[in-house]
Amino acid sequence: MAAAWNSLVNVLGPDLTRIVIGLVGVLGLVQINALFLVWLERKVAAHIQLRIGPKEVGPFGILQTIVDGVKLVSKELITPRHVDRKLYMLAPVAIFLPVLLSFVVIPFSETLQIRDINVGLLIIFAFSTFNVLAILMGGWASNNKYSLLGAVRSVAQNVAYEIPLLLSLLSVLLWCNSLQMSEIVESQSRVWNVFWMPIAALIYLICATAETNRAPFDIPEAESELVAGFHTEYSGMRFALFFLAEYSNMLIVAAVATTLFFGGWKSPPFLGFLPVPGLVWFFLKTYALIFGVIWIRWTFPRLRFDQLMNFCWKIMIPAALLHLVVYAGIIKFIR
Amino acid sequence: MGMIKDIMVGGWSLIAGMLVTIRRIYRPVVTVQYPRRQVQMSPSYRGHIELKRFPETGTHHCVACGTCMRFCPTNVIKVQGEKTHTHSEKRANLYFIDFSHCSLCGLCVANCPTRTLEFSDEYEMAHFSRWDGVVDLIHRLEESA
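So the sequence lines, in the order shown, correspond to chains A and B. The first sequence: position 198 = 198 (this note's numbering), numbered continuously. The second sequence: position 13 = 13 (this note's numbering), numbered continuously.
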């Protein structure tokens, strides 16, 4: 084992080894996360609707999603006749890879972070913008009216919601005076950012829900109007990649929210005496946020498209701008 | 000011909605896990018809008059009877219905002169062949004894 490790480090160098091992680990995390979240989503939905949900495969149906995954892998990859072949095949990959890369800078615990870059936050949002491009690729290449409409809606929505999202994060950056994820966590050792700026946290969570195309902002894939939106024409593992990317995106936005607003891997200040590792705190907070997103999905109906856009341009963006100005003033003159 | 009030009221209604759903998570489920557990059918449920068993005689009172057969809008009922001796009353010895065509209108039950027909609480009626929908009511009555 040690010899294999040494030869790997010799061939790739310590930096590249770290990234390769990290990405392999992240790939595993992403798969397990998707399996778990699909199960959690179905269970929560079922209990909110006074049903039981999956229960046949494994204890509490926990193995149901693995069986579904096997089914998806074994399915035929259908390519419709009039699609733009190159883009059609590239889109699932293009939506999944940037998601994977965003995990590179997320601090899972004090020591568990693949790369601690000083523009960490910028990297995450640079990669997550690819999402829009991949959705547009998939929707356009499918040569299908539902796909195209879904893709157009998705792009309009994501571009609009990116603005208040980044504006709300900007006040966090001013507050912590850093883009480096580990420093942002470090600055919250005593009080979490969510207590300093609850409105920014709220704006971030709303925009993140919209960014991940989750209900009540799921109009790009509105089942009742657009079949499945931009991934209508995809089947088998290509569809699974879209699905995987959606659930991994949820993990990323929740992980970023945890890092920026909820103290990252740090324990809550009044529970500091507990011998719980930072990794556990990090995932507890992240999945609590994801549970909130799932809870929202099964509570509220879908918005109409004009309501969605009005909400963003008339309320969210002015609120985020005002918040930024107020906090810049506070930091400049009071702190 | 109106807009801020709208936002506050709307925000509160969202929270109220979320409280409603989170309370549901802890409520007992209302569905029945069907093949393992089954529910008692309500008395107003209409399955296919069957012959009533009267406690005073221990059997049905069908006299094979054929009223049900003539009233049936889809002709799914076939009933035949015989007399055991010259002066005895007629008794049904064959009673078949083809449930696959039955519309459960209930004319047979409503018009039976001896009130010997009723709706069963049978609901597992999926079959592999069209002949499986044919029910032998006399046989059913004998089996249930």
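Incorrect hints may have been included.
Said to hold, decoys possible - Looking from chain B toward chain A, a few residues come up when the C-beta cut is under 8 Å (computed):
1) 13
2) 22
3) 35
4) 36
5) 37
6) 40
Claimed, not checked - Some residues of chain B that are not near chain A, with every Cβ distance over 10 Å (derived):
7) 71
8) 78
9) 99
10) 118
11) 131
12) 133
As the list claims (entries may be wrong) - Computed spacing ranges between beta-carbons, pair by pair:
13) B:71 <-> A:52: 25 to 35 Å
14) B:53 <-> A:67: 28 to 38 Å
15) A:326 <-> B:5: 53 to 63 Å
16) B:26 <-> A:93: 18 to 28 Å
17) A:70 <-> B:34: 47 to 57 Å
18) B:14 <-> A:274: 39 to 49 Å
Keep in mind that the hints were calculated from the coordinates and are not lab data. Cβ atoms here follow ideal geometry from the backbone N, Cα and C, with glycine treated the same way.
At 10 Å, judged by beta carbons, does residue 133 (chain B) keep clear of chain A as stated? For residue 133 (chain B), whose nearest Cβ neighbour in chain A is about 30 Å away, the distance exceeds 10 Å, so it holds.
Pairwise beta carbon distance, residue 26 (chain B) to residue 93 (chain A), judged against the given window 18 to 28 Å: At roughly 42 Å between Cβ atoms, residue 93 (chain A) and residue 26 (chain B) fall outside 18 to 28 Å, so the hint is violated.
Is it true that the C-beta distance of residue 70 (chain A) to residue 34 (chain B) lies inside 47 to 57 Å, as the hint says? Once the Cβ atoms are compared, 26 Å apart, the range 47 to 57 Å for residue 34 (chain B) and residue 70 (chain A) is violated.
Closest CB of chain A to the CB of residue 99 (chain B) still more than 10 Å away: Given a closest Cβ separation of 31 Å, the condition holds.
Residue 14 (chain B) and residue 274 (chain A), beta-carbon distance inside 39 to 49 Å? Violated - the Cβ-Cβ distance for residue 14 (chain B) and residue 274 (chain A), about 33 Å, lies outside 39 to 49 Å.
Exclusion check [residue 118 (chain B) not at the chain A interface, CB over 10 Å]: holds, 34 Å
CB-CB spacing for residue 5 (chain B) and residue 326 (chain A) relative to the 53 to 63 Å hint: violated, 21 Å
Double-check residue 37 (chain B) for me: the hint is only fine if its C-beta lies closer than 8 Å to a C-beta in chain A. violated, 12 Å
Non-interface label on residue 78 (chain B), tested against every C-beta of chain A at 10 Å: Non-interface label stands for residue 78 (chain B): nearest chain A Cβ at 43 Å, farther than 10 Å.
Consistency of beta-carbon spacing, residue 52 (chain A) to residue 71 (chain B), with hint 25 to 35 Å: violated, 45 Å
Residue 36 (chain B) as chain A interface residue, shortest Cβ-Cβ below 8 Å: violated, 10 Å
Take a quick look at residue 71 (chain B) and tell me if its Cβ sits farther than 10 Å from every Cβ on chain A, holds or violated. holds, 43 Å
Checked against the numbered hints above, the structure violates hints 1, 3, 4, 5, 6, 13, 14, 15, 16, 17 and 18; every other hint is satisfied.
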